[in-house]
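Engineer: Listed below are the residues making up each chain.
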Amino acid sequence: MAVAARIRTRKRPLGAMVAREWPNLLAKAVLFVVALVMLAPLLWMISTSLKPESEIFLNVPRWIPWPVTFHNYQELANRAGEAPVFRWLFNSVFVATSHTMLVLFVDSLAAYAFARLTFPGREPLFMLVVATMIIPGQVTLIPVFLIIQKLHWFNTYQALIVPGAAGGFGVFLLRQFLLGIPRDLEEAAQLDGCGRWTIYWRVILPLARPALATLAIFSFLGSWNDFMWPLIITNEIAMRTLPIGITIFQGRYTTEYGVMMAAATVATLPVILAFLLFQKQIIKGIALSGLKA
Amino acid sequence: MAAPAVALERKRKAPGMKPGRFRDVLECYLFLVPYLLLFSVFVIGPVTYGFYISLHDYHVLSTHRPFVGFANYAGALHDDLFLKSLINTAYFAVMVVPLGNLISLLLALGICKEGRLTTFFRSAFYLPVVISVAVVAVLWQWLYSTQWGLINYYLDAGAEALRQLPLLGAHIPAYTPIPWLSSPRFAMASIALLSMWWGAGGNMIVYLAGLQAIPETYYEAATLDGANSWQRFWSVTWPQLRPTLLFCLVLSVIGAFQVFGQVMVLTRGGPDFSTYTMVLYLYLTGFSLYKMGYACAVAYLLFLVVLVFTLLQFRLLSFKEVD
Amino acid sequence: MPSRLLRLSVLLVLLAAALLPGCGSSSGPKSADAPLRFWNGFTGPDGKTMERMVRNFERETGIRVDMQIIPWATYYDKVVLTLAFSDAPDVFICHANQMPMFAKYGKLHSLNALMSGPQGLPDSDFMELPWKAVHYGGQQLGLPLDAHPLGLYYNRTMFEKAGIVDGHGQAKPPTTWDEFLADARKLTLRDTGGKVTQWGFTFTNLRSNWYTFLRQFGGNVLSADQKRCELTSPQSLAASERMHDLIDKYRVSPKPEGFDAWEGFRKGQVAMIMEGIYMLSGLEEQKGLRYGGAPVPLFGTQRAAWGGSHVLVMPVNEPPERVDKVWRFMKYLSDHSLEWARGGQTPIRKSLIASPVFRTMPIQRAFATQVPYLSYEPLTVVGNEIAPFFDAAVQSMLIDVRTVPQAMKRANRQIQTVLNRS
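Protein chains in written order, with the working numbering: chain A, 1 to 293; chain B, 1 to 323; chain C, 1 to 422.
Hints were generated in silico from the structure; no laboratory data involved.
Do not take every clue at face value.
Claimed, not checked - Below are the DSBU-like pairs computed for lysine-lysine, each with C-alpha atoms no more than 30 Å apart in a straight line:
1. Lys161(C) / Lys84(B)
2. Lys113(B) / Lys280(A)
3. Lys227(C) / Lys161(C)
4. Lys255(C) / Lys172(C)
5. Lys161(C) / Lys150(A)
6. Lys84(B) / Lys409(C)
7. Lys84(B) / Lys255(C)
8. Lys28(A) / Lys113(B)
9. Lys150(A) / Lys104(C)
What the hints assert, rightly or not - Which chain B residues stay away from chain C? Per the calculated CB distances, all over 10 Å, these:
10. Val60
11. Leu61
12. Leu81
13. Ile103
14. Leu106
15. Ile178
16. Trp180
17. Leu181
18. Leu224
19. Arg268
20. Phe273
21. Phe309
Stated by the list, open to error - Residues on chain B that point at chain C, a partial pick, calculated with CB under 10 Å:
22. His56
23. Pro66
24. Asp80
25. Glu160
26. Pro166
27. Gly169
28. His171
Cβ atoms here follow ideal geometry from the backbone N, Cα and C, with glycine treated the same way.
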C-alpha cells in the first residue's frame with residue numbers, strides 16, 4: 001500500500017498529496033493548536049513577569065511585553081527581608097541536590113544487595129519494601145512529623161532531605177534494572193579477586209548509569225516540586241523552599257501578579273531547563289518505570 | 001519448603017559468597033543498612049506509630065492523650081465534612097481520571113508516529129508536568145481571575161464573535177465572566193481543569209511507550225486482513241494497550257485521591273466547602289486544629305479508600321482481559 | 001575483607017555525621033544573652049512598621065531581637081506546633097480571639113506580677129474591651145497592643161459627585177441604615193444597557209462584614225455559656241437577610257463571586273466598603289484615590305463593629321532570666337503604639353488616644369470611636385473549628401446557593417455538633 005501510494009503521488013504531485021495527506025496535516029494542525037494551548041499559560045506567566053503593573057491589568061491582554069521591564073524581578077530582590085527568593089532558590093537547589101544524592105547512594109546499595117547478594121531474609125525484606133509502596137504518603141505524614149519533632153529536626157535541612165529518601169520506588173526501579181544486567185562482568189571481576197564493594201563501585205554502578213540517571217531526575221524533580229512536606233516541616237521564612245515561598249505573594253485580597261509571576265518564573269525556569277536538557281532520559285525513564293511497574 | 005534450596009542455589013552463584021560465615025551475611029546487610037535505617041525510621045515506624053496514634057485522643061497542646069479505641073474512625077465517618085470531602089474527592093476523580101486519560105491517550109496517538117515535529121509536540125505536552133504544584137496554582141489563579149483573567153477574556157471574545165454571526169448571533173446572550181474559583185458551582189471543575197493541564201503529559205508518555213512497544217508486525221497482519229485504521233485500533237492497539245491503560249488508570253485514581261496542593265493554594269476548601277478534599281481535611285484537622293489522632297485515623301481511612309478503588313480497577317480491567 | 005568492611009562503615013558514619021547535626025535551624029537554646037525571638041504575621045506594610053519599631057527598641061536598649069514573620073494563613077499552625085514540640089519564641093503576637101485555646105492548655109505566661117511590678121503599667125490606662133479579652137481565670141495572659149475595628153471606607157470623589165455632602169461641601173459618610181441605603185442607591189451607576197459601572201457598596205471580607213451585621217441586630221454565634229449555637233435566632237436571620245437585601249433587593253452591591261472588591265474600591269469602581277483599619281496603608285499607596293474613613297453605620301438595633309486585637313504574649317515556660325527582657329520589649333511596643341497606629345491600627349492606651357499626635361490621624365481616630373463596642377469573634381476554644389461553617393453559610397446565602405434560613409440552619413447544626421463533641 002505504501003508503495004502504491006508513493007507511485008500515485010509521483011504521478012499527480014500536489015493535488016493528490018494534499019488529498020491523501022489531509023488527515024495527517026489536519027492532525028498536525030490540531031496537535032499544533034493543542035501544543036500552543038498547553039504552552040500558553042507558561043508563556044503568559046513569563047510575559048506577565050516582564051510587564052509593569054499598568055500593562056498587567058489591561059482590558060485587552062497583550063502577549064508581547066513592550067517595553068520589557070525587569071521591575072518585578074528587581075522588586076523580588078528588594079524584598080529579601082520578607083520574601084528572600086534567592087535564599088529559597090538556594091534552599092530548593094540544596095535540598096533537591098542533597099536529596100537526590102542521598103537517594104542514589106542509599107537506593108543503589110540496597111538495590112545491589114537485593115538484586116545480587118544472597119542472604120537470609122532477603123525475599124521477605126524486599127516484599128516488605130514493595131508492599132509499603134502502595135501506602136499513600138499521607139498515611140505517614142503525621143507520624144513522620146512527630147518523629148521529626150522528636151529528632152529535633154523541625155525546620156532543618158535534614159528534615160527536608162532525609163524522610164523522602166525512604167520510599168521504595170528507587171530501590172524497586174534499580175533492582176529491576178540490575179536484574180537485567182548480565183552477570184559476566186561481575187563474575188570476571190570476582191575471578192580477579194574483587195570483593196562486593198569493589199564490584200558494586202566499579203562494575204554495577206557504571207552499568208546502572210541509565211537507571212541511576214532516571215532515578216536522579218525523578219528524585220530531583222520530586223524534591224524540587226514538593227509542596228506539602230516543606231509546608232509542614234519548615235516554619236521560618238528563610239527555611240522555605242521556592243514552591244512554598246511563592247505563595248507568600250498571594251495577598252489578603254490583592255495579589256501582585258507581576259511579582260508573583262516573576263517568582264513563579266524563577267521557580268520554574270530551572271526545571272524547564274533541566275527538562276529540556278535531559279528530555280530523552282526523562283522520557284525513557286518514565287517509559288521504563290511505567291512499563292516495568 | 002523449596003525456598004532454602006533455591007536460596008542455596010543462588011548462594012553458590014552470588015559473588016564473593018563463602019557460605020556459613022557470619023561476617024559474610026553481615027557484609028551483605030551492611031549494603032542494606034542505610035536504606036533499612038531510613039525505611040524503618042520513616043516508613044515502617046510511622047505506619048505503626050500512626051495507627052497507634054489514631055487510637056488516641058491526641059491534641060498537640062495537651063499532655064493528656066487518652067486511648068479512645070476506634071472513636072476517631074467513627075467520628076470521621078459521622079462527620080459531615082469528612083463525608084463531604086470524600087464526595088468532593090470522588091467528584092474530582094470522576095472528572096480528572098477518565099477525561100484526563102482520554103486526553104493523554106489522544107495526545108499519545110497523535111504523536112506516536114515519528115515526524116519532524118514530534119519532539120516539539122512531546123516537549124510541549126510534557127512541560128507542565130515538571131512544574132511545581134504551587135507554581136501551577138498561582139499561575140492558574142491569574143488565568144482564572146474573573147476580571148483580568150485570560151480565560152474569561154477569550155471566552156468573552158469568542159462569545160462576542162459568535163454574536164456577530166447573522167441570524168444565530170442574535171440568540172446568543174452577552175457573556176458574563178465566570179467566577180471560576182469563587183463559585184461553588186465551578187470551583188472543583190476549575191481545579192480539575194488545571195490538574196488535567198498539569199498532568200496530561202505524564203500519562204501521555206506512558207501511553208506513548210505502550211504504543212511504541214506494540215510490534216509493527218501486528219499492524220501489518222491486520223492490514224493484510226483488510227482492516228482499516230479504525231479496525232486496526234480496536235483489534236490491535238486497544239487490547240495491546242490494556243496493561244498500560246490499567247497502570248495509568250490506577251495511578252491516576254491514586255493521584256486524584258491525594259489532590260492537595262491545588263486546593264490548598266487556591267481555595268483552601270472553599271467556597272462553601274466545594275473543594276474540600278480528603279487530604280486537605282487531613283491536613284487541616286492535623287495541622288490547623290491540632291487533632292493528630294483524628295487526622296491519623298483520617299489518613300488510614302484515605303488509605304482504605306484508595307486501596308478499595310485500586311483493587312476494584314484491577315478486578316474490572318483484568319477480568320476483561322480474560323475474555 | 002576487613003578493609004572493605006571498614007570503608008563501608010566509614011562511609012556510613014560520614015553519611016550519618018553529615019545529616020545529624022542541626023544545620024540550618026536558628027532555634028538554639030535560650031541563653032540569657034541570646035536575642036529575643038519575636039514572631040508575628042505582619043507580612044504587609046504593617047510588617048515594615050513593626051520592623052522599624054523593633055530596630056528602634058534594639059538601638060535604645062541594646063537588646064537584640066530576632067523577628068520572624070510568618071503569613072497569617074499558617075501562622076497559628078506554626079506557633080502551636082512550636083509551642084507543643086520545640087522551643088517556642090520568647091514573645092509572639094496572638095489575636096485576642098485565638099487566646100482561649102492557649103489559655104485552656106496553660107501555654108501562656110501570666111503577666112500579673114509584671115504589670116503590678118516596678119516596671120508595670122496602670123490597668124486603668126487600657127480600654128475596657130481589649131483589656132478584658134486578655135484575662136482568663138484572673139490571670140492577665142497578654143498585653144494588648146492595639147484594636148483593629150472594622151470601619152467604613154468611602155470614595156470622596158464619588159460622594160461629592162453624587163451630591164452627598166455636608167455644609168462645607170465635604171463628602172458626608174452615612175451613619176444610619178436609611179442614609180446608607182439612600183447613598184448606596186445614588187452611588188450605584190448603570191450604563192444605558194443596564195450594566196453597572198459603579199457599585200454603591202461591596203462586601204470585601206464576608207466574615208467581618210457579616211459579624212458586624214449580626215452583632216448590630218443583637219444576634220450572636222454562640223450563647224453566653226457557649227453551649228448552644230444561636231445562628232437560627234430571629235436576630236441572626238434578620239441581620240443576614242438585611243445583608244442579602246443589599247444584593248438581591250436593593251441591587252446596590254454585587255454578589256461576592258469573583259468580583260475583586262478591594263481592587264474595585266482602589267481602582268474607583270466601588271463607592272463604599274467595610275474593611276479593617278489595617279487596610280489603610282493599602283489605600284495610601286493608591287495614586288489618585290481620595291478616600292475617607294468613618295465608623296460603621298448603624299444597620300441594626302445596636303452599635304457594634306467587628307474587630308480584633310493584636311496581643312503580645314509570652315510562653316509559659318519562658319526562662320525566668322529572660323522574662324524581664326521580654327516584658328521590656330512588650331512594654332516598649334505598647335508605649336510606642338502610636339507609631340504602630342500610624343501604619344493602620346488604633347491604640348488602646350487612653351493616654352495615647354488623648355495625645356495630640358493621635359489627632360493627626362483622622363481615619364484612625366474615626367475608627368477608634370468604635371473600640372467601646374468592638375465585637376470580637378467568639379472567644380472560644382473551638383473558634384477555628386466553627387468559623388469555616390459560618391463563613392460558608394454567609395457565602396452560600398449571599399450567592400443564593402441556599403436561602404438565608406437554610407444556610408443558617410445548616411451552619412447551626414454543624415456548629416452545634418462541634419460544641420456537643422467538646
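Engineer: If a hint holds in the structure, say so; if it does not, say that too.
Structural biologist: Hints, one by one, checked against the model:
1. Lys161(C) / Lys84(B): The hint is violated at about 49 Å.
2. Lys113(B) / Lys280(A): Roughly 17 Å separates the two Cα atoms, so the pair holds.
3. Lys227(C) / Lys161(C): The hint is violated at about 50 Å.
4. Lys255(C) / Lys172(C): Holds, because 26 Å separates the two Cα atoms, which is no more than 30 Å.
5. Lys161(C) / Lys150(A): violated, 65 Å
6. Lys84(B) / Lys409(C): holds, 17 Å
7. Lys84(B) / Lys255(C): holds, 25 Å
8. Lys28(A) / Lys113(B): holds, 11 Å
9. Lys150(A) / Lys104(C): Roughly 24 Å separates the two Cα atoms, so the pair holds.
10. Val60: violated, 4 Å
11. Leu61: The assertion about Leu61(B) is violated, with a minimum of 4 Å to chain C.
12. Leu81: violated, 8 Å
13. Ile103: holds, 27 Å
14. Leu106: For Leu106(B), whose nearest Cβ neighbour in chain C is about 32 Å away, the distance exceeds 10 Å, so it holds.
15. Ile178: violated, 8 Å
16. Trp180: violated, 7 Å
17. Leu181: Given that some Cβ of chain C is not farther than 10 Å from that of Leu181(B), nearest at about 8 Å, it is violated.
18. Leu224: holds, 58 Å
19. Arg268: violated, 8 Å
20. Phe273: At roughly 6 Å from the nearest Cβ of chain C, Phe273(B) sits no farther out than 10 Å, so the non-interface label is violated.
21. Phe309: holds, 27 Å
22. His56: With a minimum Cβ separation of about 15 Å from chain C (threshold 10 Å), the hint on His56(B) is violated.
23. Pro66: violated, 14 Å
24. Asp80: Since chain C brings a Cβ to about 6 Å from Asp80(B), closer than 10 Å, the hint holds.
25. Glu160: violated, 14 Å
26. Pro166: violated, 22 Å
27. Gly169: Status violated, d = 17 Å.
28. His171: violated, 18 Å
The structure does not agree with the numbered hints 1, 3, 5, 10, 11, 12, 15, 16, 17, 19, 20, 22, 23, 25, 26, 27, 28 stated previously, though it agrees with the rest.
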